[in-house]
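Visitor: Go ahead and model the full structure; you've got the sequences and the hints to work with.
So the sequences go chain by chain: F and U. For the first sequence, position 34 matches number 33 in numbering that gives the first Met the number 0, and the numbering has no gaps at all. For the second sequence, position 57 matches number 56 in numbering that gives the first Met the number 0, and the numbering has no gaps at all.
These aren't lab readings, by the way, just hints derived from the structure by calculation. Incorrect hints may appear among the rest.
Stated by the list, open to error - Straight-line alpha carbon distances no greater than 25 Å define the calculated SDA-like cross-link-like pairs of lysine to any residue that follow:
1. F/45 / U/105
2. F/45 / U/123
3. F/45 / U/132
4. F/45 / U/160
5. F/107 / F/85
6. F/45 / U/110
Values in this document were obtained by computation on a predicted structure and should not be read as measured data.
Here are the chains, one letter per residue:
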Amino acid sequence: MNSSSSSSMGGEGRHDDDSGLTEFLSSLMDYTPTIPDELVEHYLGKSGFHCPDLRLTRLVSVATQKFMLEVANDALQHCKARQAAPVKDKSKQPKDKRLVLTMEDLSKSLQEYGVNLKHQEYFADSPSTGMDPASREE
Amino acid sequence: MAPPQRRRHKEQRRCPPTDPHPPSPPSAFAAALSNVAVAQICLSTGYTAAEPSALGALSDVAGRYILALGRSAAHIAAANGRTDANILDLVRAIEDLSAAHGFAGAADPTGPLLRSGALRGLMAFVQSVDEVPFPRPIRRDENQETPGNQWTSFAAAGREPPFRHVPRWLPCFPEGQLGEEGKGIGTREEVEKERTAMAVTDGEGKKIVELPAERGRVRFRMGGNRKRRQREG
Chain F
0 MNSSSSSSMG
10 GEGRHDDDSG
20 LTEFLSSLMD
30 YTPTIPDELV
40 EHYLGKSGFH
50 CPDLRLTRLV
60 SVATQKFMLE
70 VANDALQHCK
80 ARQAAPVKDK
90 SKQPKDKRLV
100 LTMEDLSKSL
110 QEYGVNLKHQ
120 EYFADSPSTG
130 MDPASREE
Chain U
0 MAPPQRRRHK
10 EQRRCPPTDP
20 HPPSPPSAFA
30 AALSNVAVAQ
40 ICLSTGYTAA
50 EPSALGALSD
60 VAGRYILALG
70 RSAAHIAAAN
80 GRTDANILDL
90 VRAIEDLSAA
100 HGFAGAADPT
110 GPLLRSGALR
120 GLMAFVQSVD
130 EVPFPRPIRR
140 DENQETPGNQ
150 WTSFAAAGRE
160 PPFRHVPRWL
170 PCFPEGQLGE
180 EGKGIGTREE
190 VEKERTAMAV
200 TDGEGKKIVE
210 LPAERGRVRF
220 RMGGNRKRRQ
230 REG
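Guide: See below:
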């Protein structure tokens, strides 16, 4: 009894889902993703994925965009939490509250997604790395 | 017997295991493109600036994510006996990759794929997020690295394969590797002709190999030593 009722419910639901999915896929044709199609096709071609349908390429692009946005959002929360934390020494408090994507926040947020990213020790990607914040501002 | 075996074992152990899929360095153009795209995504979340190393790392992760999605979908398609992937393979791949963080409905892996929670999440994402198109159009490279579209078979090119055992649906041989007009190595008949010219059977049934080029005669003198010995004696 339970199975029959669920199957009849599922039949209607599936119909709705199918139409929703078709709409979604056709809406992807008009959607301009942030990650360009050419880039996605390049990587997909490298990976051995083969499908001539542009909608699937767009779906991959959208999925990647969503993943990147989640990672960036998590890093942003880490960054905001660090800035909002009370600092005892007021001279050390940074003056500008600019939100900068740093390796520290990024590695913390990526760790939740199973990516172990580590800053190299003694890694200097800009001439001011490693200096005091006070001298950096000058 | 034991020492050489042991030594061989050591030598085997010394050479490092080779990775079947060595990580190839990403092309600079693709890396630059994904840098821009990821920077746009970061900008849309509220960041105002980014460290170059962090941006590079995040765009590298983006490339790897696409690669992992494509690889997983292609594997699933191949496991089901297809060469081209379809939406079901892709949804399964997306589910696999988002399983680490979890999604609605992940507890029921036997449910219908098209009603997957991951796919619904993507639908909601597309409806909620603003479109941020890539700032510039990208020139499509004509000679792309995708090997799938490049080759033409012997049948499509309208040529006959140079060997009888090569089926017509195989891709054409590259130019200059095997001369199609009888250059280079030559066809099978020519090779056989050469072979028969070189091997001539003599009367007893043995094969004598004749060298193709003529050589000057060489004479050997035998018994020179014996004469000397006789003189000494």
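Visitor: A separate judgement is required for each hint: does it hold in the structure or not?
Guide: Verification of the supplied hints:
1. F/45 / U/105: violated (29 Å)
2. F/45 / U/123: violated (29 Å)
3. F/45 / U/132: Holds. Residue 45 of chain F to residue 132 of chain U sits at ~24 Å (cutoff 25 Å).
4. F/45 / U/160: violated (30 Å)
5. F/107 / F/85: Since the Cα atoms of residue 107 of chain F and residue 85 of chain F sit roughly 20 Å apart, the hinted pair holds (cutoff 25 Å).
6. F/45 / U/110: Violated, at about 31 Å.
In summary, the structure is inconsistent with hints 1, 2, 4, 6 from the numbered list given earlier, while agreeing with the others.
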